[in-house]
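Q: Place chain B on chain A using the hints.
Here the protein sequences line up with chains A and B, keeping their order.
Here this note's numbering is used: the first residue of the first sequence is 19, the next is one more, and so on.
Here this note's numbering is used: the first residue of the second sequence is 19, the next is one more, and so on.
Worth flagging that the hints you see were computed from the coordinates, not collected in a lab.
All residues carry an ideal CB built from backbone N, CA and C; glycine is no exception.
Among the hints, erroneous ones may be present.
[Claimed, not checked] Label pairs and their computed distance ranges (CB to CB):
#1 Asp535(B) with Gln63(A): 28 to 38 Å
#2 Ala60(A) with Gly432(B): 48 to 58 Å
#3 Ala400(B) with Glu370(A): 22 to 32 Å
#4 Arg500(B) with Ser169(A): 56 to 66 Å
Protein chains: 2
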Amino acid sequence: MCAKPYRSRACSTGSNLSLAIVTPPLKIALAQINPTVGAIDANAQLIRQIMSSVGDDVDLLIFPECALPGYPAQDLLLNPRFIADTQSALQSLAAGTGPTAVIVGTVREEEGHLYNSAALLQNGAVAGYRDKTLLPTYDVFDEARYFTPASDNRPLPVDLPSGKRIVLGLHICEDMWDDRYAAQVCRQLTEAGAELLVNISASPFRDGIAQERHAIMIQKAADGNVPYLYCNLVGGQDELVFDGRSALVSPDGRVVKQAAAFDSGLLHITLPDDLAGSGQVQPPQREVDLMAAIELGIADYFGKTGHARAIIGLSGGIDSSLVAALAAAALGPAHVTGVIMPSVYNAAASAEDAAKVAGALGIEALQLPIESLRLETMQQLAPHFDGSRPGVAEENLQARLRGLLLMALANKRGALVLSTGNKTEIALGYATLYGDMAGALGPIGDLTKPDVYALARAVNERAGKPVIPDSVLTKTPSAELRENQTDPFDYDHIAPLVEQLISDPDSAQRLIAQGYDRKEITSLSKMITAAEYKRRQAALTIRVTGKAFGAGRRYPVVNAYE
Amino acid sequence: MCAKPYRSRACSTGSNLSLAIVTPPLKIALAQINPTVGAIDANAQLIRQIMSSVGDDVDLLIFPECALPGYPAQDLLLNPRFIADTQSALQSLAAGTGPTAVIVGTVREEEGHLYNSAALLQNGAVAGYRDKTLLPTYDVFDEARYFTPASDNRPLPVDLPSGKRIVLGLHICEDMWDDRYAAQVCRQLTEAGAELLVNISASPFRDGIAQERHAIMIQKAADGNVPYLYCNLVGGQDELVFDGRSALVSPDGRVVKQAAAFDSGLLHITLPDDLAGSGQVQPPQREVDLMAAIELGIADYFGKTGHARAIIGLSGGIDSSLVAALAAAALGPAHVTGVIMPSVYNAAASAEDAAKVAGALGIEALQLPIESLRLETMQQLAPHFDGSRPGVAEENLQARLRGLLLMALANKRGALVLSTGNKTEIALGYATLYGDMAGALGPIGDLTKPDVYALARAVNERAGKPVIPDSVLTKTPSAELRENQTDPFDYDHIAPLVEQLISDPDSAQRLIAQGYDRKEITSLSKMITAAEYKRRQAALTIRVTGKAFGAGRRYPVVNAYE
Numbered sequence: 019m020c021a022k023p024y025r026s027r028a029c030s031t032g033s034n035l036s037l038a039i040v041t042p043p044l045k046i047a048l049a050q051i052n053p054t055v056g057a058i059d060a061n062a063q064l065i066r067q068i069m070s071s072v073g074d075d076v077d078l079l080i081f082p083e084c085a086l087p088g089y090p091a092q093d094l095l096l097n098p099r100f101i102a103d104t105q106s107a108l109q110s111l112a113a114g115t116g117p118t119a120v121i122v123g124t125v126r127e128e129e130g131h132l133y134n135s136a137a138l139l140q141n142g143a144v145a146g147y148r149d150k151t152l153l154p155t156y157d158v159f160d161e162a163r164y165f166t167p168a169s170d171n172r173p174l175p176v177d178l179p180s181g182k183r184i185v186l187g188l189h190i191c192e193d194m195w196d197d198r199y200a201a202q203v204c205r206q207l208t209e210a211g212a213e214l215l216v217n218i219s220a221s222p223f224r225d226g227i228a229q230e231r232h233a234i235m236i237q238k239a240a241d242g243n244v245p246y247l248y249c250n251l252v253g254g255q256d257e258l259v260f261d262g263r264s265a266l267v268s269p270d271g272r273v274v275k276q277a278a279a280f281d282s283g284l285l286h287i288t289l290p291d292d293l294a295g296s297g298q299v300q301p302p303q304r305e306v307d308l309m310a311a312i313e314l315g316i317a318d319y320f321g322k323t324g325h326a327r328a329i330i331g332l333s334g335g336i337d338s339s340l341v342a343a344l345a346a347a348a349l350g351p352a353h354v355t356g357v358i359m360p361s362v363y364n365a366a367a368s369a370e371d372a373a374k375v376a377g378a379l380g381i382e383a384l385q386l387p388i389e390s391l392r393l394e395t396m397q398q399l400a401p402h403f404d405g406s407r408p409g410v411a412e413e414n415l416q417a418r419l420r421g422l423l424l425m426a427l428a429n430k431r432g433a434l435v436l437s438t439g440n441k442t443e444i445a446l447g448y449a450t451l452y453g454d455m456a457g458a459l460g461p462i463g464d465l466t467k468p469d470v471y472a473l474a475r476a477v478n479e480r481a482g483k484p485v486i487p488d489s490v491l492t493k494t495p496s497a498e499l500r501e502n503q504t505d506p507f508d509y510d511h512i513a514p515l516v517e518q519l520i521s522d523p524d525s526a527q528r529l530i531a532q533g534y535d536r537k538e539i540t541s542l543s544k545m546i547t548a549a550e551y552k553r554r555q556a557a558l559t560i561r562v563t564g565k566a567f568g569a570g571r572r573y574p575v576v577n578a579y580e
Numbered sequence: 019m020c021a022k023p024y025r026s027r028a029c030s031t032g033s034n035l036s037l038a039i040v041t042p043p044l045k046i047a048l049a050q051i052n053p054t055v056g057a058i059d060a061n062a063q064l065i066r067q068i069m070s071s072v073g074d075d076v077d078l079l080i081f082p083e084c085a086l087p088g089y090p091a092q093d094l095l096l097n098p099r100f101i102a103d104t105q106s107a108l109q110s111l112a113a114g115t116g117p118t119a120v121i122v123g124t125v126r127e128e129e130g131h132l133y134n135s136a137a138l139l140q141n142g143a144v145a146g147y148r149d150k151t152l153l154p155t156y157d158v159f160d161e162a163r164y165f166t167p168a169s170d171n172r173p174l175p176v177d178l179p180s181g182k183r184i185v186l187g188l189h190i191c192e193d194m195w196d197d198r199y200a201a202q203v204c205r206q207l208t209e210a211g212a213e214l215l216v217n218i219s220a221s222p223f224r225d226g227i228a229q230e231r232h233a234i235m236i237q238k239a240a241d242g243n244v245p246y247l248y249c250n251l252v253g254g255q256d257e258l259v260f261d262g263r264s265a266l267v268s269p270d271g272r273v274v275k276q277a278a279a280f281d282s283g284l285l286h287i288t289l290p291d292d293l294a295g296s297g298q299v300q301p302p303q304r305e306v307d308l309m310a311a312i313e314l315g316i317a318d319y320f321g322k323t324g325h326a327r328a329i330i331g332l333s334g335g336i337d338s339s340l341v342a343a344l345a346a347a348a349l350g351p352a353h354v355t356g357v358i359m360p361s362v363y364n365a366a367a368s369a370e371d372a373a374k375v376a377g378a379l380g381i382e383a384l385q386l387p388i389e390s391l392r393l394e395t396m397q398q399l400a401p402h403f404d405g406s407r408p409g410v411a412e413e414n415l416q417a418r419l420r421g422l423l424l425m426a427l428a429n430k431r432g433a434l435v436l437s438t439g440n441k442t443e444i445a446l447g448y449a450t451l452y453g454d455m456a457g458a459l460g461p462i463g464d465l466t467k468p469d470v471y472a473l474a475r476a477v478n479e480r481a482g483k484p485v486i487p488d489s490v491l492t493k494t495p496s497a498e499l500r501e502n503q504t505d506p507f508d509y510d511h512i513a514p515l516v517e518q519l520i521s522d523p524d525s526a527q528r529l530i531a532q533g534y535d536r537k538e539i540t541s542l543s544k545m546i547t548a549a550e551y552k553r554r555q556a557a558l559t560i561r562v563t564g565k566a567f568g569a570g571r572r573y574p575v576v577n578a579y580e
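Only chain A is shown next, with the shape it has when bound in the complex (with noise of 0.2 Å):
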């Protein structure tokens, strides 16, 4: 039955698919891969493997978008040798294969035009391409600065090992998200004659993404009548996560199989009978969703940059809590350190807090007090502090000297620092640059502080005992820096504020206007324009919404707009 109609149009569930697809059976594997930027010889070497193991077993084999370079490559893909290494590693990959049909992400060149392709592998050559249409410039993506969009977008048509032949309607990730667009890539391809809308993405995580996904693809599967192939890239690159979950949805607008999310899989798929299935894919939960980016992530920035070991600032509070816990599901507990360092300013009970944390987690606890460092730097600065009152000065070099320990003591381990600031504290910039904004990547950095709590609380439940201790849970947040400082915040109130006012640009008026007060809402957008300059320097941030600091928010330091 039609679980979601989507149109008013009549069950159909395969009843008008192509003789291709209905007899014999069509069987595909969509390659759900895990790739790495700029590995091209290895990325071939892993899409090999997978050709190998299917061997003759199906009749299309898909690896998602940009497989072979990895995405996105950005201004690697200025570099004319990599671009003939990308096209070279392609006919060499077409050489090995046999009558399966073989799809894979990669990019060309042509008459000085660089093209987002998916090259057709079969019988020993590359048989064809289709190119990307729809080039994503905002946010995240930058893709007009490096290629031109498809002037040729009709149905690829294939001949499958059986002899018969069908017509694919091959497109490219954003060719589906043609909202924005004047195009309508895959009405085209259905209108041309596609029997199979096939879309080969590398698309990152954001929280919310798997259900767009599916209201898009539902949409594009009814429009045009046919079944909808969707394989994704798994895999952390930088800032972002690639969630994985390829999928096969019907026309009938049912997702009736999908890969897992956040792992590297083949989704086996067998038309038509698959498209009788139940559809009963698991839905996304979102704490867990969010956990799984963030692990993912962090496991691929290690892995790929060749680092194994973790350095975190265990502060006993609940940011570094909970970054030391997801350190330790991605990387294993045996190779994360936290290091306690309190100074005069910090509660006993804020140490014996991270040191439960530690001792929960498994993961390694050093203790290296700053106190005798704080004092000595602040003798030394004494003559040129003039008698002047404590402020952030003296709060910042507290963090400041936090960083230096844990960096040297990265630098002598060949670890890496993992920075704890959580994505509210960013954003008003309640963080200290070269202090505690200090690493290589900040996990948590787009997640607010009341996802902070959230996930912490998911961590607990998912390892079915406190890891993180209540007392964490429950303490007021305290940079503790000075005297019986706790921070300036209600951060159930303000969170939800600031995300609106970083995710919308025009959400201040509007936020005003439902009744907020005016004087915090401006307030709070000058803090967070005020600190684009710390930003500009901080570690890399795993992005998990539609709008995390980063490559994909930019904004001049230099901005005297109010």
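A: Relative to chain A, chain B alone:
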């Protein structure tokens, strides 16, 4: 006479000019202004003042590209309120106009599309727009992220106060740099009857740009056989410095009049009279240009963010000496503090040289030895360093202690730290993150090591005395972070290689083909790639070459390409 006959064409010197230009003479002013990004009201006020000072004395008053919102406004352009505010400021400017035709660079929204636009204001109203056709989306430019290309680039007829009508070939910045595009905007304009080509620009300085602009303008003027008017922004904005040099080019291919470089001002032009001028425009002097660009970049970063005081770690080396000299020139010596922070590894001569530089520049010099702090830090870390041999950890912590002290002084005094790394070091990662890389702005981060020496000599020449002493110019470069350390590079040999590897991604193969040692080139390439993670957290670097680190060079951190 034809000084530079770029085309085989009879000398015309205005002989083919339209009646509107010839009689009565056409009086034009190019307003080379220095607006601030986001400061819509202040920018409007600046424009209004110039409109009012010019009064009815000119027929045509021209302001640069995006003079009203500032350039580049980046993601401020995604805020509908920012666009509305800009449009409303433009209406208000228009309301103040009389018979003088005023061209103002702005942005405008129409039917959901945003345009980078030139508005014609006259007789109290906006009389028309011409939008930018070619939207640069490479290097530091992201215009495809924001703007839609012009759909109409016909010439714009303007009724002059004299009653005559002149047909303007109005176009915007990139529209004249059409080498890489299919559209040839200037030719379209002149073929459609433009009597005068008018380009409003926000064209940032880079070494050699003045000569390139001259060549293009000469070509366009000659090609259309019309005078070419060029009105460029001036001022610093984050990494970019706009150099002005607004100009008039005659149809016979001579730059007959040019406004100052790196300074705001009005360039008055009378046509056709000025076309008969000698065209003796001062050729740019490389080191003078580089100094001026960096000094304007410093001055505007401080001025536009509301800071006055700079703090610089003075090592006695060439890099920090040059930064101190440039900062003293940009901000005034009374606003610059040099901090001398020796450890046991610093030669006595280094501190003496640093003090000499401070004395010669007339800047404050503070002494803040770090030896006791270094010892205390080493003692704290000893239990965790396990008797391992001293290495990068021990070296980096010295640089980080210095960074910490500089930041503490800056925090206490409301000053900004200037980082002192040069491009060659930053390329190779020979710099300490959170140490000597700490700072709000990196004035010489786009200067190769040899250019640092060249500018130091130019500074001395300008001063008429050795403000940077010979001993600094001649000593062997050293980070002085361990016993008898000197920099492990022959900078004269490697700096040009590194510069090529940065500016041309394909140069590695070419250099090897030219006979350079494959091992050396490969090693340098790997160092450049491996240091990407540091550069992501580097201070903003003032861009003075065609390929600077920062927004114009976007490489993945996780990058396995070799």
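Q: Checking against the hints above, which ones are violated?
A: No hint contradicted; all consistent.
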